[in-house]
Amino acid sequence: MRNPQLNANGELTHLLTLEGLPPDVIRGILDAATPFVSIAEREVKKVPLLRGKAVFNLFFENSTRTRTTFEIAAKRLSADVINLNIGASSTSKGETLLDTVDNLVAMDADIFVVRHSQSGAPHLIAAHLNAHGRTHVHVVNAGDGRHAHPTQGLLDLYTIRHYKREFHHLTVAIVGDVLHSRVARSLIHGLTTLGTPEVRVIGPKTLLPTAVQAMGVRVFHDMREGLRGCDVVVMLRLQNERMKGALLPSAGEFFKHYGLTQDKLSLAKPDVIVMHPGPMNRGVEIDSAVADGDRSVILPQVTFGIAVRMAVMSMIAGN
Amino acid sequence: MSDATALPDAEATLVALAERMRGAVAYDAAFVGIYSGGAWLAERLPALVPGNHPVGYIDVSYYRDDYSRTGLKSGAKRTDLPFDVDGATIVLVDDVLFTGRSVRAAINELFDFGRPACIELAVLIDRGGRELPVEPTYCGARLTVARDLSVVLSRDADRLRLAVEKQER
Amino acid sequence: MKIEIAHGRIVDPRNGVDRVASLYVAAGRVAAVGAAPDGWHANRVIDARGLVVAPGLVDVSARLREPGLEYRATLESEMDAACAGGVTSLACPPDTDPPLDEPGLVEMLKHRARSLNQAHVHPVGALTVQLQGATLTEMGELTEAGCVAFSHADVPLVDTELLRRAMQYASTFGYPLWLRPVDPHIGRLGVAHDGEVATRLGLAGIPAAAETIALATILALVRDTGVRVHLCRLSCAESVAMVRAAKQEGLPVTCDVAVHHLHLCDVDIGWFDSDANLVPPLRSTRDRAALRAGVADGTIDVVCSDHAPVDEDAKQVPFAEAEPGATGLELLLPLTLKWAQEDGVPLSAALARITSEPAKLIGSGAGDLAVGRAADVCVFDPQAYWKVERASLRSQGKNTPFLGLEVPGKVRYTLVAGQFVHEP
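If you're matching them up, the sequences are chains A, B and C in order.
This note's numbering applies: residue 1 is where the first sequence begins, and numbers increase by one.
This note's numbering applies: residue 1001 is where the second sequence begins, and numbers increase by one.
This note's numbering applies: residue 2001 is where the third sequence begins, and numbers increase by one.
Isolated chain A, as found in the complex (with noise of 0.2 angstroms):
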């Protein structure tokens, strides 16, 4: 079975997860990612690349910041931003999901940028470009439910080369909802496939996925273990829901347990970086001093963010 994200040239023409992606395919997104960072230091911050391309974010689920980043990115890139806030409205008046996608190809679409609640969306719409021959329009996953975040993982890969050169003698740990989170999991397959030798997840049994280990992971459920000797903390957001559903008794007894303070952090190496997606829960899942403090980089990964994104879509809308 072909890789549904890689074209006949082996040229990728989606990016729907990075679990599968060559090595080399990574590392080219970072590479060709390097020099977009410089533009937002341009006084006209675009290039021309995209003009004239129609980049349609298809967000079933609601996410302003993802939505964002992905329309500077594309502004950036000089193509027409069109904005569908699909929600219920569509599901409401009974149109499918394909139906949708159908109606926006016809309507001249270049790339998809999706995000759904449902794991598998994303490819279940690139299967239906595939198998209908349209070989010029592309999709970038944003998010769909818990399976993938492949920028969001691109982003924090760069991040951490940017801060620690190379990844073949870091120890990376996840901190917190793993179980829940399609980050973690984009992220997990990005160092796994870059060679990192020690990736580490930490967190409650409640919150692991089942043989999680079998991604490739080390698994510790006690955090001042896990962070020893860390070059690389990734901490994820805990959801309010996670409450219910007996998975956690209170955000209070999380944060005592596997929450970032300062304590916790001196245990990691001296030149450790504190990552985190956001939006960041401060006193849940990291407290203030350190999501504030020097050790963070937080805002530089939103910078990256722009960057990565401008390097997927112009990487993808070419082949």
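These are calculated hints, taken from the structure and not from any lab test.
These numbers were taken from a predicted model, which means no experiment stands behind them.
The reader is advised that the hints may include incorrect statements.
[Unchecked claim] Below, a list of computed lysine to any residue pairs in the SDA-like style, where the Cα atoms sit at most 25 angstroms apart:
hint	chain 1	residue 1	chain 2	residue 2
1	A	K45	B	R1101
2	B	K1077	A	Y163
3	A	K75	A	G318
4	A	K46	B	N1052
5	B	K1073	A	R51
6	A	K75	B	K1073
7	B	K1073	A	L6
8	C	K2002	C	A2036
9	A	K46	B	P1116
10	A	K264	A	L248
11	C	K2410	C	G2028
12	A	K264	A	P249
13	C	K2387	A	A131
14	C	K2360	C	V2017
[Unchecked claim] One side of the interface only, derived from the structure: several residues of chain C facing chain A at Cβ under 8 angstroms:
hint	residue
15	D2194
16	R2200
17	L2201
18	L2203
19	W2271
20	V2317
21	A2320
22	E2321
23	E2323
24	D2368
Beta carbons: idealized from backbone N, C-alpha and C, even for Gly.
Take the given structure of chain A and dock chains B and C to it, following the hints.
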């Protein structure tokens, strides 16, 4: 013409180009080299042309007109213009002038940084075959080359060298 | 009509027949096996050389989608599919719309089916009214209307006291209970087996415990009440082990497996293929191996198709939103043959799982080719491979994870009560 023996010597041609620029170019014109060959040349020129000439580098990857056909090229370098483009006198420097499309892209990109007072063009080799109305202000040497061949500038330690290669399609 | 099916390999598991011989059919019944009856003049002779002549298949779970779910399939299309698949008797689960909880609905279904003159349809009645798990249905009335057993389809039974009472009531009158073990709470939001694949794909998982806990409950109640229970659609290695132990202990239980689960596992979900969204879910390779071994050693008595035609719209959606189920009437024979060939199981033993054993479960007189038996026959070519394609499927449901694959076993002729209902 297709054999290397008829090719001019790159170093000698650079000296000839600098000769033509001396006395004609503005005292504080900036030399902006188009990667990679133009960049090497722009680096060498201030030593050969008197004046106060800041050196900048420009990567035209994002301004090319063939993106839809060939996709995003890897290895894009960072455009670096360490002077104020607004009101500047700029000499764009390139190694081989052929269709004129790279120069068009470079001019478009410069205008995204500001509004120059004027832009001149210095090229080591003009091989003809223009597809756009672009002419060099200063030229090292003229050549006639078959369309399916490329004229390529390379750098070996500090020495520049010209060669002719089969076009990669 | 006098029909002679000549020189085929007659495989009749119940009667221990496996030899090349001719089968003679007259007045809708098997008239003779081997030697022609006196004064025999055939109206029609079928050359069955190189073909297998077996009893018509008996499928204990095939959804015909009537009443109420005609947008997914109709009786006509699915009965056609049954004939093409060599299935001459089938039992349909009660999860129609409305569920089969009233005698009138059952009578109408049987009447409709009879009028088509194809496979024999044996409805399975709902155990509780509207399958809501609160009140028992009138099992007596439903049995009179034609129900061969009572089940709760795929709806979990929450009230274990009701389950115990239902078992006692059913056993008082000898009504068979067919129960699928599924816990009402564990994995209720899941769509895939809780394991590595679901973790990677970010799909909510259904742990094996969802089945084994419910199975343990049922077995404990069987031990307690002595009620005979048939367990439907086992999917876990642990379940097979539990049933094996229960049988050794002498508990009156039988069980079945859906034929897809003998072949596929969770990895076959691939990149979110909604056609692989099944209930119970496709589990790990270890579970699949245990199911195959279970059928081979007889722990699992019956193999069924669990036929569930689904319209395309309900599958062309993200995996977790898709309607579960696969079309299977036309694949029951090929997939059973494929398993048997791969694991070196003799043809007769394999065919028993889809002929004599399910017939025994339903309590129907079918499932063998003894003289005097109604002539329900399936004549097939075990060497012929065919490609599973939308165009080659008669069922209205084209939803199968086997789409595009080649499978062995092409049905050439199907007879029901001595009438041809399928031929080339």
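Going down the list of hints, with the structure as the test:
no., hint, result
1, A:K45 x B:R1101, "holds, 22 angstroms"
2, B:K1077 x A:Y163, "holds, 20 angstroms"
3, A:K75 x A:G318, "holds, 16 angstroms"
4, A:K46 x B:N1052, "violated, 30 angstroms"
5, B:K1073 x A:R51, "holds, 17 angstroms"
6, A:K75 x B:K1073, "holds, 20 angstroms"
7, B:K1073 x A:L6, "holds, 17 angstroms"
8, C:K2002 x C:A2036, "holds, 11 angstroms"
9, A:K46 x B:P1116, "holds, 18 angstroms"
10, A:K264 x A:L248, "holds, 21 angstroms"
11, C:K2410 x C:G2028, "holds, 24 angstroms"
12, A:K264 x A:P249, "holds, 22 angstroms"
13, C:K2387 x A:A131, "holds, 20 angstroms"
14, C:K2360 x C:V2017, "holds, 18 angstroms"
15, D2194, "holds, 5 angstroms"
16, R2200, "holds, 7 angstroms"
17, L2201, "holds, 6 angstroms"
18, L2203, "holds, 6 angstroms"
19, W2271, "holds, 5 angstroms"
20, V2317, "holds, 6 angstroms"
21, A2320, "holds, 5 angstroms"
22, E2321, "holds, 6 angstroms"
23, E2323, "violated, 13 angstroms"
24, D2368, "violated, 43 angstroms"
The structure fails hints 4, 23, 24 (numbered hints given earlier, in ascending order).
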